[in-house]
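Enquirer: Taking full-length UniProt numbering, the leading residue of the sequence shown gets 1, the next gets one more, and so forth.
Honestly, the hints are just simulated from the structure, not real lab data.
One thing to keep in mind: the hints can contain errors.
Stated by the list, open to error - Mimicking DSSO-like on lysine-lysine, the simulated pairs with C-alpha atoms at most 27 Å apart in a straight line are:
1) K189 to K208
2) K189 to K179
3) K78 to K42
4) K179 to K78
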Amino acid sequence: MSKRTRSKRGGSFQAKFSPGAALIGSYRPLATPVHRVPLWLKACLFAAFMFLLALTGWQVAFGVCAVCLILAYSAGIKTMELLRMLYAMRWLLILLAFYYALWGGWDLGADVLATLLAATLASRIILTSTPLPVLIDGVVTFCAPLRFVGVRPERLGLAIGLMIRSIPAIMDRWGTLLKAAAARGLPAKSTWRLITPLVVQTVDYAQKTGDALAARGLDE
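Kindly generate the complete structure, drawing on both the sequences and the hints.
Expert: Structure follows, in structure tokens:
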């Protein structure tokens, strides 16, 4: 294989790679066993996993990770997608591993990393196997009792929907900034200089989202 062919394939992969989509994923209409599980049961399993992760050590966290991997494959998530998810999280995982290796202890570090991966995998499974409108409706139904204390469940559902859509959008903007900086020869140690344009773009995204909600009468 020639260098030009390898370069073209590598460039194609970089162009198609989206950090936000790689991390969060999106609904995929399949007929897998995980897709057929009702939302309430998925929510109960997710809550049980989070409870175990919060109260146990790294051994259980790795066990939950293994279960989530099995469920991910059962939901139609492919190995390459999981690798891209890890790639999108690489700097966070490296920084956490470095910190706990020096100051936190290997057992606590393993627990934190495994918990983070398990929670991300569980979230990815739910978002891949559940349409976003169904997920938001489930949140609204679950939060219905909060009406008695003055909280509108519809606003909570809207906030969660916006959060799910905003995280990939902001991560994609960060990825675009990194590619532009690399193309202009910005040293890796100067990546922190991109924080300011990221904040500006994030605020602009938030303002445009707010304007769109206001135009539809959803800002009240």
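Enquirer: Which constraints among the numbered hints does this structure fail? Numbers only, ascending.
Expert: Checked against the structure, the only hint that fails is number 1, while the rest are satisfied.
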